[in-house]
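There are 2 protein chains.
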Amino acid sequence: MTAAMRAPEPRSAADERVLGWLGHFETALNARDAAAAAALFAEDCYWRDLVAFTWNIKTLEGRDAIRAMLDAQLDAVRPRHWELAEAATEADGVTEAWIGFETEHIRGRGHLRLKDDAAWTLLTTACELKGHEERSGSRREKGVEHGVQQGRRSWLDRRRDDEAELGIERQPYCLVIGGGQGGIALGARLKRLGVPTIIIDKHERPGDHWRKRYKSLHLHDPVWYDHLPYLPFPDHWPVFAAKDKIGDWLEIYTKVMELNYWTGTECRSARYDDNAKHWTVEVVRDGEAGTLHPKQLVLATGMSAIPNMPDYPGMDRFAGESHHSSRHEGGERYRGKRAVVIGSNNSAHDICADLWEHGADVTMVQRTSTHVARSETLMELSLGGLYSEEAVASGITTDRADMIFASIPYRIMPEFQKPVYAAMKERDADFYERLRAAGFALDFGDDDSGLFMKYLRRGSGYYIDVGASELIADGRIKLKRGRVEEITATGVKLADGTELPADVIVYATGYGSMNGWAAKLISQEVADKVGRCWGLGSATTKDPGPWEGELRNMWKPTRQEALWFHGGNLHQSRHYSLYLALQLKARMEGIPTPVYGLGEVHHPV
Amino acid sequence: MTAAMRAPEPRSAADERVLGWLGHFETALNARDAAAAAALFAEDCYWRDLVAFTWNIKTLEGRDAIRAMLDAQLDAVRPRHWELAEAATEADGVTEAWIGFETEHIRGRGHLRLKDDAAWTLLTTACELKGHEERSGSRREKGVEHGVQQGRRSWLDRRRDDEAELGIERQPYCLVIGGGQGGIALGARLKRLGVPTIIIDKHERPGDHWRKRYKSLHLHDPVWYDHLPYLPFPDHWPVFAAKDKIGDWLEIYTKVMELNYWTGTECRSARYDDNAKHWTVEVVRDGEAGTLHPKQLVLATGMSAIPNMPDYPGMDRFAGESHHSSRHEGGERYRGKRAVVIGSNNSAHDICADLWEHGADVTMVQRTSTHVARSETLMELSLGGLYSEEAVASGITTDRADMIFASIPYRIMPEFQKPVYAAMKERDADFYERLRAAGFALDFGDDDSGLFMKYLRRGSGYYIDVGASELIADGRIKLKRGRVEEITATGVKLADGTELPADVIVYATGYGSMNGWAAKLISQEVADKVGRCWGLGSATTKDPGPWEGELRNMWKPTRQEALWFHGGNLHQSRHYSLYLALQLKARMEGIPTPVYGLGEVHHPV
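First to last, the sequence lines map onto chains U and A.
Per the numbering used here, the very first residue in the first sequence carries number 1; after that it's consecutive.
Per the numbering used here, the very first residue in the second sequence carries number 1; after that it's consecutive.
Derived from the structure by calculation, the hints contain no laboratory data.
Hints are supplied without guarantee of correctness; some may be wrong.
A pair counts as met if it fits within one copy or between any two copies, since identical chains are not told apart.
Cut-off 30 angstroms, straight-line C-alpha distance, at most; resulting in silico cross-link-like pairs (DSSO-like, lysine-lysine) [to be verified]:
no.: 1; residue 1: K130; residue 2: K520
no.: 2; residue 1: K130; residue 2: K418
no.: 3; residue 1: K212; residue 2: K255
no.: 4; residue 1: K337; residue 2: K493
no.: 5; residue 1: K425; residue 2: K142
no.: 6; residue 1: K520; residue 2: K542
no.: 7; residue 1: K212; residue 2: K202
no.: 8; residue 1: K255; residue 2: K202
no.: 9; residue 1: K418; residue 2: K142
no.: 10; residue 1: K255; residue 2: K142
no.: 11; residue 1: K295; residue 2: K520
no.: 12; residue 1: K295; residue 2: K478
no.: 13; residue 1: K478; residue 2: K142
no.: 14; residue 1: K212; residue 2: K142
no.: 15; residue 1: K115; residue 2: K142
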């Protein structure tokens, strides 16, 4: 066994335990004995695989599921060279270890948790495709051909050639629709992997997604959580960056990474040709129509791209100004005006605060309860262990934090989260009491598992407090709870008969599913074939079952050949873009990619 | 002693030796006993100080010099808290250690080499000013004020305000003339230190210094040597980047670091007001005249900024095209033309190769011998130990490499360099033989210490071969050796009577001293008061004595109050910008900066 030879000396008891387990595991896998391999897991066990074994993003729960996966995949995957990557640790009866391994086509790494001598959780992830490694570090390009050649093209010539040709004379292998953080991070990974890619985006400049939002917007996640791949923010970057600063960074990033990013470009339609095995995508670039034929199509249009407008009676007869939160550009114009904001999640709070800062008279209409977590508390209790200056100082780089995060199966993640939010309730008891006293309806999720589970399950239903809650608590932002009955010519009428006179109404009513883009750009038929995006199937509010165990359709093969969905927050865009990029690269290179466990579609859209 | 408490356990003999020395050293310094401290050095000894003790860049050679410096500085500097920063090492009778220390106003680090129990070399460097640390890492700004305030200005508002006000309504503390790599690196450090600074540059865009040079130009130094502060190149960056790529990076860098960089701006004149203690600088920005009153003026105009045009008889009657190498934009226009390039250093070689690549008939005129080092050999034998992928893999980051490099006193640096070039001669014997056979006059420096010493002593006299030498060896680039007698209407006439017919003549005849800028922008009087820039005083060709031991006038106080010179290659711009920035910040904050050993001026210009 390789692991034994490469383990650091001297070995601890934890190392011995892990090496022993890896030895047995390797023996079973070499013998193609799925049953024996599965038997090395505890009865309560999880194997989360990111592309390495399943060419999918998949969590196998229980020995039977593990055995079935191995039976299906082992002959093709041919895993080997299991090793302990660094000294194992032990605490509270759980032994943890970072491991390395290879398969036929992949170099991978992972994480193992043993309870006694049986595996409780195993994470396996693909790092790179053998023979198709990124040209970085010792593999970086030389940049100049030493020796002199007549007719040589300079870097600038070649860059300009590529921009002029790709999508015009030469078809991209991959087309990414949507050039926000998701499309950009994916584009960077594909660039480094040598996958010819075009990213199209309707805005004038990369970063405009951020720039065009309301003026006071800052990232709600701290800097350590927000790095893009390859080019981390410099270490003076503020904890919470302003929207324009992030916008500028994204624009700069596309230049540094030399992405083929088509601004001012909209996709009008896309259809897949099952025979030709490519897409026909009609685009309009700077007003001019054109057609692209990529082999792979990625919708990176974002979770927040299709505004969810409510359908209240009378919306058309309102005499003032009204718009969806996504169109809200800032409070400057509303000084002295009466504003009603319908909704009580992140955008609603930010917009209420922004309007108040600019001297508007603001009322928030809360229709259902909201989870509120104070930013500082969230940082300290939830993210701080993995994403903070202290974490970095203790060796938990962003890359490592991503892997630790990924190592926790979604099924048991609520159990990891609940104590955090229990502590939050206690710590911020006064704060919550004041909010309640102001009439604000609070929740901590259906099962008290808090913010991150809400994000994964439904992508909504919370506010990370950066100040607006105090304005609500002390009445500077007025609060009304209730159902909206209708919109009148002069304002908002609630079911209890309250009338809220308004000069402006902001509908902070959320966004439609990413899948809506498949319906809009491709067809309802394809959208239905693919089914719902996002959500775990937790059978909690807005996340209907059955249990899926992973986010539906995200970063992995869908029921529509050559159609992919990419998105999420900066953390997800950074980390999961790797697995999506490797799947695309493997297909481009003709590497066999036998997908295990393609999701069933329970929720056509 | 603090060192004893913080040393790693268990201690090696090397650790014990260093800790023992540091203990004695600290005791002597605490007692203000300069003689006792000096006695801890070997007879043959060097103390190189970068700002920490001398508020200067200074190497003290021998015990007497060390004692004199300590006598002068100890009362003000008040050093303390000497500690071993990591485990010491021992090889060939020399014990090496990284150390930390503090002074009254500075947190510093350094490097110590002991021979037996006496110090052979000591490096002390300033890292940061106590109470004025950069706001990075755990000190980074929060970015958003949590809590809501009416009338709050966004990041974008504040950035725009700053750009609109600095230099117009508010005077910068520091004005940097020249926005190449040097001005940019310094500007970034000053930004992080909160020193209001404007960088002015005549070009349209940051990076144009690189973009506007000849098409085939690449960096001659490898990527690991070229990082700017704070924002390293991503790890796919090519070993030798093309000029346009570096130009783009510099432009991007000014944006990321939010520098106040005035493009299209020229300095017309500058004079210092001894009473008001500020400069009056006349500038023209986008065609409009204005006046700035900075407290400090930095000339970062580059070593290669004032073209050195020769004065050959008949230059004015040449019927073809002629220009200095700095104006050479590329060989495209010279296909089929006869080109004569006068000079045989880096630019001459690059331009000859570029012309040949574009189909010109090229002759190089070599007037004096040249040092040629093959790029790959240089990488492996000279730079590789400190600046390479292997170095990074073995823990020698760029920061650490800079410190190791800085730890070698210039007096003994030739002894470190000679074996490298002896090995080079042997390894590339065939190559050199072929060059000699083609008539090329070679040297390895007056004392065979090679390229880097030539760079430090005179900043010229060498070519890092990336291909042109082969063209010379095989005659594709023709070579003529000799003195230029005159320029005729049709070409170049040499002293031996040879006539070289030419359609174009390129004068690759080097650049004037940086000091020329002081004469041009300020006055000849100030230029003479300051004296020569660059060079060590080695009494070798083009570097007249007496021995200075450091580069004259670079990055340190000059004989003109509030006038500073900054420049050099990317490595020097990166590393020495730190010390210059700290000196400027200390003055801005009113920290006492007693300068020890301000250079004598032996060479007015």
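Consistency of the hints with the structure:
no. : hint         : in the structure
1   : K130 to K520 : neither (38 angstroms within a copy, 59 angstroms between copies)
2   : K130 to K418 : neither (41 angstroms within a copy, 43 angstroms between copies)
3   : K212 to K255 : both (20 angstroms within a copy, 19 angstroms between copies)
4   : K337 to K493 : within (18 angstroms within a copy, 84 angstroms between copies)
5   : K425 to K142 : between (56 angstroms within a copy, 24 angstroms between copies)
6   : K520 to K542 : within (22 angstroms within a copy, 73 angstroms between copies)
7   : K212 to K202 : within (13 angstroms within a copy, 33 angstroms between copies)
8   : K255 to K202 : both (18 angstroms within a copy, 24 angstroms between copies)
9   : K418 to K142 : between (51 angstroms within a copy, 28 angstroms between copies)
10  : K255 to K142 : both (20 angstroms within a copy, 27 angstroms between copies)
11  : K295 to K520 : within (20 angstroms within a copy, 61 angstroms between copies)
12  : K295 to K478 : neither (53 angstroms within a copy, 52 angstroms between copies)
13  : K478 to K142 : between (62 angstroms within a copy, 28 angstroms between copies)
14  : K212 to K142 : between (40 angstroms within a copy, 22 angstroms between copies)
15  : K115 to K142 : neither (48 angstroms within a copy, 41 angstroms between copies)
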